[in-house]
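S.K.: Quick note, the sequences are listed as chains B and X, same order. Numbering-wise, the UniProt record's numbering puts 115 at position 115 of the first sequence, and it's gapless, one number per residue. Numbering-wise, the UniProt record's numbering puts 491 at position 491 of the second sequence, and it's gapless, one number per residue.
One thing to keep in mind: the hints can contain errors.
Heads up, simulated BS3-like pairs for lysine-lysine below, C-alpha to C-alpha not over 25 angstroms straight-line [claimed, not checked]: (1) LYS682(X) / LYS1027(X); (2) LYS20(B) / LYS805(X); (3) LYS229(X) / LYS208(B); (4) LYS371(X) / LYS208(B); (5) LYS237(B) / LYS361(X); (6) LYS208(B) / LYS361(X); (7) LYS805(X) / LYS47(B); (8) LYS231(B) / LYS361(X).
On the chain B side, residues computed to face chain X include the following (Cβ under 10 angstroms) [to be verified]: (9) SER17; (10) PHE42; (11) THR43; (12) ARG44; (13) ASP62; (14) ARG68; (15) ILE108; (16) THR194; (17) VAL195; (18) ASN197; (19) GLY202; (20) LEU206; (21) VAL207; (22) PRO255.
Each pair of labels, with its calculated beta carbon distance range [said to hold, decoys possible]: (23) ARG700(X) / GLN268(B): 44 to 52 angstroms; (24) GLY263(X) / THR239(B): 46 to 54 angstroms; (25) THR239(B) / SER679(X): 53 to 61 angstroms.
Just so you know, the hints here were simulated from the structure itself, not pulled from any lab data. Remember, it's a predicted structure, so these values are computed and weren't measured experimentally. For glycine and all other residues, C-beta sits at the position ideal for the given N, C-alpha and C.
Now for the letters of each chain:
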Amino acid sequence: MGSTSILDALNVRVEGSGDKYLVFAHGFGTDQSAWQRVLPYFTRNYKVILYDLVCAGSVNPDYFDYRRYTALDAYVDDLLNILDSLHVTRCAYVGHSISAMIGMLASIRRPELFSKLILIGASPRFLNDGENYHGGFEQGEIEHVFSAMEANYEAWVNGFAPLAVGADVPAAVREFSRTLFNMRPDITLFVSRTVFNSDLRGILGLVKVPCCIMQTARDMSVPAAVATYMKEHLGGKSTIQWLDTEGHLPHLSAPSYLAHQLEIALSQ
Amino acid sequence: MPTPVSTARQCLTDEAARALDDAVSVARRRSHPQTTSLHAISALLSLPSNSLRDACARAGTSPYSPRLQFRALELSVGVSLDRLPTSKSSAVGDGGNGGPPVSNSLMAAIKRSQANQRRHPDSFHLLQIMQQQNQQNQTASFLKVELKHFILSILDDPIVSRVFAEAGFRSYDVKFALLQPPPPSRFFHRSSTPVFLCNIEPVEPFRFDENSRRIVEVIAGKSQGVSKKNPLLIGVYAKTALKRFIELVQSGKIGFLPKELDGLSVISIENEIFEFVVGGGSEEKILLRFDEVGHLVEQCLGAGVVVSFGEIEVFVKMNDDDDCVNVVGDAVVSRLTRLLEVYGGKIWLIGVAGNCEVFSKFLRLFPTVDKDWDLHLLTVTSATPSMEGLYSKSSLMGSFVPFGGFFSTPSDFRNSISCTNSSSSLTLCDTCNEKYEQEVADNVNVVGPSTSASTNLPWLQKVNVDSDNRGLSLAKTNEDNTSLNAKISGLQRKWSDICQHLHQNKSLPEMNVSQTLSRFQSPFHEGFRFGRGTSNLNEIHCSNPIPYMSKELPTPFPSKQIIPFSQPFDTNLCAKDKAVHVPKLSKFDTQSPLLDRKSSSSLTPVTTDLVLGTTYTSVTHEPDTPKLNDHKKHLQHLSDSLSTDFDTMNESTSNQIARSSSYSGPNLDSLFEMVDFKSLYKLLTEKVPLQDEAIYAIIRIMTLCRSGAGKHSQSNSNVRADMWFSFLGPDRVGKRKITSALAETLFGSKQSLISVDLSSQERFQPSNSIFECQDVLRRKTVVDYIAGELSKKPRSVVLLENIDKADILVQNSLFQAIRTGKFPYSHGREISINNSIFVVTSSVLKDNGYSDLEKEPKMFNEERIFEAKRYQIELSFGQASEDVMRSSSTIVRVAKRKGSFLNKRKLVEISNSNDKVTSKTMKHVREVSRSFLDLNMPLDEEVEEEIDYNDCESDSAVQKPEAWLNDFLDQIDGKVVFKPFNFDYLAEQVIECIDKQFQTTFGSEFVLEIDYDVMLQILAAFWISDKKKSVEDWIEHVLGGSFVEAQKKYHNAAENVIKLVKCESIFVEEQATGVCLPARINLN
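So here's chain B without its partners, still in its complex pose (with noise of 0.2 angstroms):
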């Protein structure tokens, strides 16, 4: 397995004829094809980017190594082996939810790479800490999330979905549920628990690439403090976009809206 490629393992494609680099990184629980009706708004001024995390459904879960992805830091490793393998020199960079956090990391890690980072359904910390932060999960309710999940997957995905979404959009719902069922249960238990065990708060400040912080009204996972809040704590020039839709995954209940703010972002 030594010699499979990281461009292989991960399905890497590069859609599009564009000059400049565009990565979309996918969020917990979808795969690549979440960007699927956002993608062709870019294929024409952008080489767009698209891969699997490693924990997605898609990917052989072989490639999941579990004392590796303990941290954020081994798929920030994934991204910039990827950027490197197709010797992108500066791109711009969506990320959704989890991927978010791994865009994050990657710029602080190397600067130079990213001209932007357009983060959706990004948080920082989603476990409340105290009276100063506002994650959105209390550890108790994480808890019992976790073990609804080694209950019953399906039961739970299917529970889940519609929560998530938000919106009430059937179509995002199906393809939600499909690519959160495709993950193995124990990998997602896994990944959730490195999400939620994550906390970026003390390194925001180091992010010196401007932002753009895209946040949907109701995001389930997401409560509109944190948008504020990181707003006040990246270290580079950021902004915040209000969403007019609902739910975490924008990019599934509302494509076409997401893309037109996307193009917007993106030429600012």
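Fit chain X to the given chain B structure using the hints.
M.R.: Frame of chain B, contents of chain X only:
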């Protein structure tokens, strides 16, 4: 359904088969009905030495001795086996295959191990050999499973992992040990190419820590070409990560040190520094400690020493309170710097910062430290040690089938079908489908010894479609099915070819909808196609979609459909039938040429599977029905608009002619040969008043198109019948109305209008606007929405408003559509637009030489009308302002709007007019007005308006329509320019009408003052209303009624000014019939 042992054995190598035999004998001994994974485990453990025992021994991590743990394991296996139900004696030894059959779960484990084994590159060649064998000798089974993989997948079984867990083993560890050969190497592998560490790599479990690994990486200078190598951990978890790292190094358990760092040691001087800096400890002590460190480094035999100086908060915090601390901090920092200088390559510094604010402060205080210390920032964002407990917690671990992509919900199946090109998916009619399934089933039976064809079929299809869709991702997991899938897709192709050939349902968008329907319809269309008398049959088949893609079966004739289905008619019969039918039809003058041609045209090609259509049979079956009605019914049913009421058909004769002729035509080509443009013009102008010019232009373009002079169809005129219009200029509602009228007259119902406002995604739509906004488009891409609607109702008018706002996706689709006659989904699938009319509108683009009218200032213009909202309206008495008193002759007048305004322009306006009731009457209004009009506009307001208009112009100039738009518009058949709607004239009429009402109630002593917004609302309602006189009716009944009421109530009132105002922020609850205005007016 359990699998016979002999079948299961075929999948295993000898060694593994022996293990299975043992398991079977365990099961038999215990007289269990099936052999399960537990039996296999029990059998494996009972052998004195084998790989499972061995692995368990190595995986043991609990404090108990391995012997004890084994005992516990055997016990718990035994207990679990005891819990299994025993079978009746008859079941034992069934089938004479020697033992209880293999349970589903165990069989699944075998399957998994097959797949797993196949994924390993070293056995890939084997796979290919097997595949070749498969093709040659179809009875050969799959790849044989080795014992190792067999055990591995058994361990995945949830029951087994539970049993192991009860005995204190983690099945994950056992698996891991199984994969690892006994001698563990301590080398931490980082291969040159960036790859994942795979599970098989020899890293000792539980001595691994991701954060520590990264620290080591930095120290060893391996971190992505960065030369700085003294790590500074930063982040919330930095402190715990440092602690963990120190622990690991000190305990010598760190299992991943590269060779050059052998014998690395760690010293923490954190406490000493803290005491010195914060606690004011003596300088001597700290100096002593530094010396000590120096000695240690000198004596160090290993790679070197890592010195931890702890949190940099210490240096930073103290500085806040006390100046002198800076000196102390300085001292420490410079000592540390000295250490680095002196002992160069043998010493590393390590420290932590809780967040970057602290770090930047630290840098401010000690500006050179970054360089002096060679600091490498290492972000620490997760607390890894807590992860250890994870493996045991997760009972799910590895228990899932490794087929990552195979779990798809049923809906997924549909999805993927619609995503992939329809030709590759199963769009077969059901006869063909049946045959196809039969053939697939045969194949599956042959290939897979253990798979039952009928049950597996959908699953296999799913996989197949899935793999098309996901490409790479599934290629690996799919391998075991590749050969089979290849066959199946081959069959699919074959049968869809056959099916297409026979039944021509290629253009059916969703076969599932009704397969029978297509069969029943196809001969009908065939007839029509031949009727067109075109010689090249094939071409027509490909290019002409079936126009009547009804979603529902025509319900009134269910029984009759069945009869013709079953009996294929030969051509003679068909011809006869048609001959019977033709005279009846030819009563319609417009249709007779078509039908005549049909009957005379050659019928010989109609040989294959021709089935008699309902149209003909029903005529013969129902001779009593009036023929005209009967015919209309068929047409009605065949058209998309099933919902249309029959009665409405009889409304007007001219209407009928247009409609019925449109029904009868198989496509628009012949439709327009039939349509009498004069009557169409008459119909349209009746439906849409005041738009005669535009309608005339449309008709003219249609005529041109019919004669083959349409722009886009010049190249291949005969095949395509779609038409493209562009409606330019203002009057958005007028455009809508005409389009909707077109849909209604040409296609029979208003439902045949697919309308999309392309600007709706950009603009914020105010709530409660009188003008509806579309929410659907948020959720879908515009392209998919249009394509989806078109597939539902191919005979439609597609209205695309604000074409200049089209996004790239829409642009591409439109270009493709206008060039090829097929409108693509965003996935690439296409839908024919042969029977559609496309109307694109733009208010930005104008024809040259137009727009002089625009310059004239208006009190009401389109832009403002669009701001109208559904306010509740109320009547109240009040003081008129001075201006009103001055203009004494007026009874009804429109007041300027007050209150807050939305945009800048309005602010200017307010400052100018300053809440005055308008005083200056507009010139032309005054001229025209006979009586009491007071459409007041201040002079400066007019200027304002003009400027505003120019602003608007320049705005549009800035976002100039790109080249694509001009390109696109050039290809369009014809352009229709609309005039601005004359709202002022309308307002005049409305006021006149209100005035009449008002005077009859109140006489001429009172003055009515209408709020500007209310006036806007009434005008907007007028504008969009379809029915004539609806607003007049409203004025007469609703408004008039309220006048009467008010008169009764207030006839003694001192004020003589009555105001008609909007209720701010109260929206219409109850709407008057047929018009967007409140059904009731409040009295105040």
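S.K.: Going back to the hint list, which numbers does this structure go against?
M.R.: 9
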